[in-house]
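Asker: Going down the list, the sequences are from chains A and B. Numbered according to this note's numbering, the first sequence spans residues 1 to 259. Numbered according to this note's numbering, the second sequence spans residues 1 to 220.
Calculated directly from the structure, the hints in this document are not laboratory data. Where hints are given, some of them may not hold.
The calculated DSS-like cross-link candidates involving lysine-lysine, where the alpha carbons are at most 25 angstroms apart (straight line), are [said to hold, decoys possible]:
hint	chain 1	residue 1	chain 2	residue 2
1	B	75	A	29
2	B	21	A	224
3	A	3	A	236
4	B	81	A	29
5	B	75	A	35
6	B	111	A	29
Source: prediction; values computed, not measured.
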Amino acid sequence: MLKKIFNDLKTSYLGFLEFISFSIETFHKFATFYKQTNVSSLVLLRQILFTGYEALTLVLVLATAISGLLLSQFGSLLINLGQEQLFYSIFVKAITCEIACVLTAFLIVARSAPAIATELANMNVNQEIELIDSIGISPVSYLVIPRMIGVTVSCVVLTIYFNIASYLGGWLIANYLNPLPFSSYINSILKTISIADFAQTIIKSLVFGILISLISTYHGFQVKKAITQVPQRTIKAVVYCLSSIIIFNVIISLMFAIL
Amino acid sequence: MKTTIEISNVKHFISSTSYLKIDRLVIDTMQNILIKTKVNSGLSAFLKLLSGVVSPDEGEILIFGENLNYCSEAKYIEIKKTISYSYQHGVMVSNLTILENLLLTLNFHFKELTYSERVNYIYDFIKSYDINHHLDKRPVDLGFMQKKIFGIIRSCLINPRLLILDEPFQNLETKYCGILESLIERHIAKGNHIILGASLNQEFEFVNQTINYFPFVQQI
Numbered sequence: 001m002l003k004k005i006f007n008d009l010k011t012s013y014l015g016f017l018e019f020i021s022f023s024i025e026t027f028h029k030f031a032t033f034y035k036q037t038n039v040s041s042l043v044l045l046r047q048i049l050f051t052g053y054e055a056l057t058l059v060l061v062l063a064t065a066i067s068g069l070l071l072s073q074f075g076s077l078l079i080n081l082g083q084e085q086l087f088y089s090i091f092v093k094a095i096t097c098e099i100a101c102v103l104t105a106f107l108i109v110a111r112s113a114p115a116i117a118t119e120l121a122n123m124n125v126n127q128e129i130e131l132i133d134s135i136g137i138s139p140v141s142y143l144v145i146p147r148m149i150g151v152t153v154s155c156v157v158l159t160i161y162f163n164i165a166s167y168l169g170g171w172l173i174a175n176y177l178n179p180l181p182f183s184s185y186i187n188s189i190l191k192t193i194s195i196a197d198f199a200q201t202i203i204k205s206l207v208f209g210i211l212i213s214l215i216s217t218y219h220g221f222q223v224k225k226a227i228t229q230v231p232q233r234t235i236k237a238v239v240y241c242l243s244s245i246i247i248f249n250v251i252i253s254l255m256f257a258i259l
Numbered sequence: 001m002k003t004t005i006e007i008s009n010v011k012h013f014i015s016s017t018s019y020l021k022i023d024r025l026v027i028d029t030m031q032n033i034l035i036k037t038k039v040n041s042g043l044s045a046f047l048k049l050l051s052g053v054v055s056p057d058e059g060e061i062l063i064f065g066e067n068l069n070y071c072s073e074a075k076y077i078e079i080k081k082t083i084s085y086s087y088q089h090g091v092m093v094s095n096l097t098i099l100e101n102l103l104l105t106l107n108f109h110f111k112e113l114t115y116s117e118r119v120n121y122i123y124d125f126i127k128s129y130d131i132n133h134h135l136d137k138r139p140v141d142l143g144f145m146q147k148k149i150f151g152i153i154r155s156c157l158i159n160p161r162l163l164i165l166d167e168p169f170q171n172l173e174t175k176y177c178g179i180l181e182s183l184i185e186r187h188i189a190k191g192n193h194i195i196l197g198a199s200l201n202q203e204f205e206f207v208n209q210t211i212n213y214f215p216f217v218q219q220i
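Just chain A, same shape as in the assembly (with noise of 0.2 angstroms):
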């Protein structure tokens, strides 16, 4: 028993490492990447499409569902404890700071992680890597660096987006239920927006972008030869994944609580 445990520790610190080790490698292509976009640049357009434009209208139904819930259950309540002063704080905290980015990071691990991790692998398995590799073009800077372009600048856009749906949406609502000018309500929610809640959205959709795109690319690498480990790794990806972003979430928040 005690063995099993050592040996699963060891396993995991080592693939722990490895994943170090791609990541280096991965950053240290990206120098690089440039010299390759002649051949880079249609996969890094197909992965923006795929990742960015495609969840634009998921993202407008669960941004505003999300803003909605925010008002009508917490809206009423503080109202009730006489502290509806309190009520924009706690909106745009809670969307432009917690929500707005760990949502959007859960929605793209969701759609793109598995399809990285599993195009990946296939490809693995296939030879399809082998063969890039044969012609001479790094499949780091040829697979990887254009998808953790891709996933990360749809990330940070779709957190922006996230942000600007659900004021509009919670607009939306809270006009339904308590007729609100519009202009009064922006400009309550720009007097208590600041630059370092904004900043906190943006980096942290920029880490969850590159975490996702790491993980998944790497877990889609280390499928060598049998197709057994294409589902195998793919739900190795999205724990990780959704695990990273938890794990990040927090250290980020309490980075910029104590600062």
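On the provided structure of chain A, position chain B as indicated by the hints.
Answerer: Below, chain B alone, put in the same frame as chain A:
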């Protein structure tokens, strides 16, 4: 640049139980070589080692005097442009069309050409084979033989000094055998060379009798 491939003390695992072991082998690539092996003796692994597609688990391979694991990026790309390996099963990148697959190699190695020049080059290259209509398809929509032929065309497109073909005639119909013979002729006519591996007797005999470019036969 040297013209040899030197293998020293190489041990390379094909599966968990079987491996290739070569103590010393020097291949002069300025000639056409037909390699005959037994079935399931690791021919593909051997050819991949020769072309630098895979690295050996142990030992050293010097391709044109360079160890690909330690040479500069510029040298690595130069060697990859000089030597081209064609897969036995015609591997293609599945999320690209056939045209995009062919363009991938040209985009990387012929950056000085414009997009339209690259496309025209591909159409010119294959115009006599009546296979243009496949270019917009994805690999999944093609049969085994068509994929294999396009895989070989992709290898030939960059006009490599050394083309390594892994059992190219295996399971090919007459039409595709004709295309392949023509590709081999064109390649050699440009002053380039070929290493062709065959493990089935009938393929070996076919190549030996039909194509006259292999005066040197290496039995491994």
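Asker: So, for every hint listed, does it hold in this structure?
Answerer: So, going through the hints one by one against the coordinates:
1. B:75 - A:29: holds, 17 angstroms
2. B:21 - A:224: Given that 25 angstroms is the threshold and the Cα spacing comes to 22 angstroms, the pair holds.
3. A:3 - A:236: holds, 23 angstroms
4. B:81 - A:29: Given pair residue 81 of chain B, residue 29 of chain A holds - Cα atoms ~21 angstroms apart, limit 25 angstroms.
5. B:75 - A:35: holds, 15 angstroms
6. B:111 - A:29: Distance ~19 angstroms between residue 111 of chain B and residue 29 of chain A Cα, so the pair holds.
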